[in-house]
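Take a look at the letters that make up each chain.
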Amino acid sequence: MRISDLMALWKPDPTFYPSPRDAAGAPAEKLAYVAAFDRSARRPDAIAVLDTDPGSPDYGTVVGWTDMPGTGDELHHFGWNACSSALCPYAPHPHVERRYLIVPGLRSSNIHILDTKPDPASPKLVRTIEAAELADRAGYSRPHTVHCGPEGLYVTALGGGSTEGPGGIALLDHTSFDVLGRWEVDRGPQHFAYDAWWHIAHDVLVSSEWGTPLMIEDGVVAELLLGRKYGHSLHFWDLRKRRHVQSVDLGDEHQMVLELRPAHDPTKQYGFAGVVVNVEDLSASVWLWHRDGDRFAATKVITIPAEAPADPAALPPVIEPFGAVPPLVTDIDLSVDDRWLYVSCWGTGELKRYDVSDPFHPVEAGSVRIGGIVNRTPHPAAPDLPLAGGPQMVEVSRDGRRVYVTNSLYGAWDDQFYPDGVGAWMAKLDAADDSFAFDERFFPHGDAFRGLRPHQTRLQGGDASSDSYCYP
Amino acid sequence: MTDGSLAALVALGAFHGLNPGMGWLFAVARGLQERSRALLLRSLPAIAAGHAASIWIVAVLVTLTRSVVATRWVAVAGGIVLVGFGLWRLLSRRHFRWVGMRLSLWQLAGWSFLMSSVHGAGLMLLPVLTDGTRAAPAHTSLHTGHDHGLTAGAGSAIDTALFVTAVHTLAMFATAGLIAVLVYEVLGLSILRRAWLDLDRVWAVALLGAGAVTLATA
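Which chain is which? The protein sequence lines are A and B, in order. Using our numbering, the letters of the first sequence correspond one by one to residues 1 to 472. Using our numbering, the letters of the second sequence correspond one by one to residues 1 to 218.
Okay, chain B solo, but in the shape it has when bound:
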């Protein structure tokens, strides 16, 4: 993993954490509803866990595929999927529909998992995943030769996926937590009326950009 892709992972985590739709707003709402900061704080790990699960699945899929198929083709296929997904997110006016405010922490984690998945949160990490998996095992492959490939590749793929998920989710959790507490304690929800930019659109552009980068560097 290069320094650049590590920074990208953290930045994307912060970006996901920043999006009210990814969970901090739900945590704040739960806290306000029960007048309980403790409930807000308890909600955040559940939201992060759901997000992590969504990221982890994509990361494992990509890195495992990477260990059996040439990186280049994973990147090309992934890049095309990303661009298509990004375009759909940009042009579609449909939005995630979920009904229900009274959720247990498990249900909240499930909600977060679905929310992250339908928004393609994991897909957005594709440039890092294709770049990162190439960068990390590259050293070993260079020195030990190609026959080392499959088994160690699969093992390190899981490791890489875990690492990517952990770093990304930590950044997401920290950002979402900071904003949630700030809004709950200091800013108040009227901030939403002024500062809630249409992150879904930015998000779609980010997906497109990630797809383009993946394709360009494939």
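Same shape as in the complex, but just chain A:
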């Protein structure tokens, strides 16, 4: 043990907030961390660090890189070792630091731990949890979402340790990062895994479904998709007893239920889930889960139709037979004040914003176009540069005023939908009640990412999808 450990904070980490209301008043982030991966798996993947301080001369550029120790990780999602849930009253431990990034390799199944404290612009790798440890102790592989929770770090995983499935949730110790084991006591019927989050003040965990490794790692499998074999259900769990309580099937035409965004207000029990595609009409949808008596129910609250292209020949082979461009809602994000929902349409190249003050009746309140399978809409900062990829991972600052998007979905799928190259870009939008538009000063693209593809963004100090709160 070092002296600095003994001298750890006397006051709670200043990035912990008791309530979402307090968190919305947090200062603006100065740095953003972005997972970036090499599709060819010849060079190490990396965490790129971006300057997000508008007063800085380096604003909007990549100012730091941290390479992973090996190759072929396919960095995807990641998270913090600690967050505002450390203030929760039943096991408070607020004198830990939000310091380490937990960075899983979705393809390698290794989990890298990065320390952001010595130099926030250049995180240091301090440990790698090998795939074998995850498989031996928890029985899982393909680690995906990371959430800092009450009894440790929750890491969802798409595959079994030495099997295709079931996927599930592994629990990691939040100080040593050792894999503690499989989280589920009774997993019920859930076989496909993807995302998980919770209503922490109600002891409810929610999980969603994508597919097992064979169904995704070489690209979307048309026969499986048309055969409606990908995940199409939401699952609700007793967070305390670790037991599956209820499945809600959205209907097997609704293929791939991905991101889960529960309300941040801990008194509420609703949230939004994005569905990638409806195989009947190629539309995408957003569902609201909510209480219905003792049970949960899900209601479709947003439908985004497919777009007919001017020239069907412009379609890549994977969707050519359909003659239309599916919106492909691959990520959604809910602002900390639970008012704005951002919806990425990675296929059509559109980022939509909805006012969800009334969660049952979202009202569209802004949309921007960028990239897209057919449109290739340029960024206003480079109007002559057609862009591939579309708005994909979307992250919102705690105060709700800044929205960041990156353009890569997942290596093999990028290649199917953007066969001439998905490229690499990141954009930022400024959001206010009555405006929603690109920041022309923030557009790192192309060589800025050194040939790697950017995926999830995490903002220094926390963001709209990193923290959960126990107090209203």
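Treat the hints as calculated values from the structure; they're not laboratory data. Wrong hints could be hidden among the right ones.
Stated by the list, open to error - Derived pair list, reagent style EDC-like, types lysine to aspartate or glutamate, alpha-carbon separation capped at 16 Å:
hint, chain 1, residue 1, chain 2, residue 2
1, A, Lys11, B, Asp198
2, A, Lys268, B, Glu34
3, A, Lys11, B, Glu34
Starting from the known structure of chain A, arrange chain B on it as the hints suggest.
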């Protein structure tokens, strides 16, 4: 029981009540969650009851042992346990893990009992217990002689344990209640960000100090 140890009991009760981890924060959270001060107020006695049970067990163990073993050895053994426990609390980065916000009042009392026990709340009273039991029965032993010892000793040990638990818990309950209501009604939870000092560290030092005092006066 001397005036000094009575004051120490009350002070330790206030110290335990002050610690957000010992329950007032949970009471506030429950109140806020349901927008109900009544629920906050109903939660406090359950938390105090769990705390009292944790204290009472230690107090009974110590005072009963005291009635059959020389105080000195109880104090020495207890002091060593305390110092070890304090060091562990100081150096370990592990913390109490409990999952779950939706608790019945019984479960809340159980939570409080566990929380107090793993933090060694009862152990911290050891100097008072070894000092207090020596002080109180000392008068009777002096006048009636040693043969009076065992039976009356056991009886008065239970009494002493009850008394110690009651005084301590009352102080804890009053402090926790006052803070909970203040935070709920006036201050708001943002106070946590500014004023939540790392009481776990202070707590560990207090355990060490209690151990040292017990050993020094053994």
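Discussion item. For each hint given before, does the structure comply? Return the numbers of the non-compliant ones in rising order.
Written reply: 3
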